[in-house]
Each structure stands twice: as structure tokens, then as C-alpha cells.
Amino acid sequence: MRTGTALLLLTLCGSATFAAGPAALTRGTAESGGVTLAYEIRGVAPGRPLVVVNGGPGFDHRYLLVGDAWDRLAVSRRVVMYDQRGTGASSRIKEGQPCGLKEQIDDLEALRAHLGLETMDLLGHSWGGYLVMAYAARHPERIAHLVIADSAAPKIQDTLFEFKNFFPEKTEEEDGYAFAVELGDAKAIAADLTIYMTMLFHSPARRDAYLAAFKAADAYQQAVNRAVWNDLQRFDLNPELPKFRFPSLVVTGRYDFNVAPSVAYAIHRAIPGSELAVFEDSGHLPFYEEPEAFVARLTQFLGKP
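Just so you know, numbering that gives the first Met the number 0 puts 295 at position 296 of the sequence shown, and the rest follows in order with no gaps.
A portion of the hints provided could be inaccurate.
Said to hold, decoys possible - Below, simulated DSS-like cross-link-like pairs (lysine-lysine); rule was C-alpha separation at most 30 Å, straight line: (1) K214 - K163; (2) K186 - K163; (3) K154 - K169; (4) K214 - K169; (5) K169 - K93; (6) K154 - K242; (7) K186 - K214; (8) K242 - K303; (9) K186 - K169; (10) K154 - K93; (11) K303 - K93; (12) K154 - K101; (13) K163 - K93.
Said to hold, decoys possible - Simulated restraints on C-beta separations: (14) D157 - G183: 37 to 43 Å; (15) V277 - G175: 30 to 36 Å; (16) A208 - A177: 41 to 47 Å; (17) E279 - N164: 17 to 23 Å; (18) A211 - G27: 29 to 35 Å; (19) G27 - N229: 29 to 35 Å; (20) A177 - E279: 31 to 37 Å.
Hints in this document: simulated from the structure, not taken from any laboratory.
Just so you know, even glycine gets a beta-carbon here, dropped at the ideal spot from N, CA and C.
Please build the complete structure, drawing on both the sequences and the hints.
Printed below as a string of C-alpha cells:
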């Protein structure tokens, strides 16, 4: 989705139907820097959970819930998701309250501490991939396994957005909403999001099923998007990645036109000993388009010492 400053991820809202049956679900809140963070835990399996950081910026975690990938994973491990500050069920950002990369890192660390995790398996998707790389650079001792999925580039300006090359008619349609979006027009933002969502998938059938079930605009906060996106312009994580010494898996969909697979490949090459997983029948959402393969690959990786 394009707001003039960002487009890292997607979003949806509503409830998903899970073919494998929904896992047991518990909800709670954690405090961080004057905000309340809402989180939920899928499953009851013992051991180290997988903490999943959603994309955006400005979206809550609900877009992840389409399909049954996380419930499949929750059979063997707990899966933790949370709404980033200012989004979803977490508290809104007050005027003058900071909402940059530092705050996002601090919030993730506060959630870890609240959950009592000495170390955690950590997965970030899209903008969430950037956030988990930044968190890992600041708190490497807390990482057991790191998964970076369809992530923005370590220097945000290097991210390759390919929509204009594969969907020129759709990006031209988006251009028609750009002025109104910049002014915060809710109808224009919703229309722009709808166009954006259509470009995230490889399979037209899976795309149509996804879009028929979920509305994107209800899960998006433009103020958070702007605050985080603007702050990201000053950072470069490239010097940090060669320092990573924990098992790392970099994931991409072969047909991800939101963030080109070459970005994932460069991240993989920069992290010593990292693994690369390319999902050949996916766009930006391999956990939705290829859930069985995604869960199998993740399970195999997370099982490594």
C-alpha cells in the first residue's frame, strides 16, 4: 500500500477459518514506555515459543491470521503475536509520544521480558523483518533462532519495490489517490490499500479468496506508518548483519513484487552461515500461499540446535 512514504506489508482484519482447527488462544498485555501492548499466544506446548513480528509499519497483526500456518505451528510450539504501539488492540500514540525504531525495539524487548523468556525464536515479516534484524543487533543474546521473511532491505532506501514493473496499470491507479492519501482521506486510503493488496499474491485464486474475506483499511494506522517510516530513513543495518552468530533463516516468495527476492538474497549473503528459503509458488505471503511447505521448513529450521 502506498501512502507517499511507505508500503511495507499488508494487513487484514476479521477472523480466519482454519482448516486444521484453531489452537488454544490466550491474550494479555505488557507495558512499554508508556504504552500498553496487546499480545496473544497460540498453543500450549512447552519450550521456547516463536515470537512473530508483523509488517507494516502501521498495521496490526491480524493480516497474519488468514490460513492455518500458525495453528499448524502451534501444535508443537507456542506462537506469540502482538500489536505494535499505536495499532490494533494496543494503546494509541498520544501527540508528541515517540514512535520510531528505538521505541519498536524497546517494545519487543519489553514483551520478551514480560513473557519471561531468556531467549526466543523470533520471526519478522516485511517491515517486521527489518525490526527483528534491528532487535537482534541490539539484543543478540536474546536470539535462539532468527527468521527474516520477505523483509525490507537493511538500509530502507535499498528496498526494491517491483510493483511498477509488473503492475503498471495498478500503480497508475494508485497515483490517482496519492494526493488524497497524503491528506489523510479515509476513503482514498481504503481504495489505495485495496489496490495494494491485489499485488501481493502469486495465485489469483488465493488472492481472490483472501480479498473476499478481509478488509485491509480497518487494521491500518496512517500516523504510525508515517512516524516509523520517516524514522527508518536514518538507519543502516548493513554493518550489523555480519555480526550475527545465531542460526538465521531468510525467507522470500519467488513472486514477491512488494519486496524483490534479490533483497532476501542479499540479506542471506550478509549473515554468516544463514539459510535461504525461496517459496516457488508464493508472492509476499508464503505462510498463506504455501502453508504446508512454510510450516515444514520453519519446523525443520527451529529444531536445529
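Evaluated hints:
1. K214 - K163: With Cα atoms ~23 Å apart, K214 and K163 stay inside 30 Å; holds.
2. K186 - K163: holds, 23 Å
3. K154 - K169: Measuring from Cα to Cα gives roughly 26 Å; hence the hint holds.
4. K214 - K169: Answer holds: K214 to K169 is near 18 Å, not above 30 Å.
5. K169 - K93: violated, 35 Å
6. K154 - K242: Cα-Cα ~16 Å, so holds.
7. K186 - K214: Holds - the C-alpha atoms of K214 and K186 are around 13 Å apart, at most 30 Å.
8. K242 - K303: holds, 20 Å
9. K186 - K169: Roughly 17 Å between the alpha carbons, so the hint for K186 and K169 holds.
10. K154 - K93: holds, 28 Å
11. K303 - K93: violated, 42 Å
12. K154 - K101: Between K154 and K101 the Cα gap is close to 16 Å, so the pair holds against 30 Å.
13. K163 - K93: violated, 35 Å
14. D157 - G183: 37 to 43 Å: violated, 28 Å
15. V277 - G175: 30 to 36 Å: holds, 34 Å
16. A208 - A177: 41 to 47 Å: violated, 29 Å
17. E279 - N164: 17 to 23 Å: holds, 20 Å
18. A211 - G27: 29 to 35 Å: Holds: the Cβ-Cβ distance is about 32 Å, inside 29 to 35 Å.
19. G27 - N229: 29 to 35 Å: holds, 31 Å
20. A177 - E279: 31 to 37 Å: Roughly 34 Å apart at Cβ, these two residues keep to the hinted range, so it holds.
Checked against the numbered hints listed earlier, the structure breaks hints 5, 11, 13, 14, 16; every other hint is satisfied.
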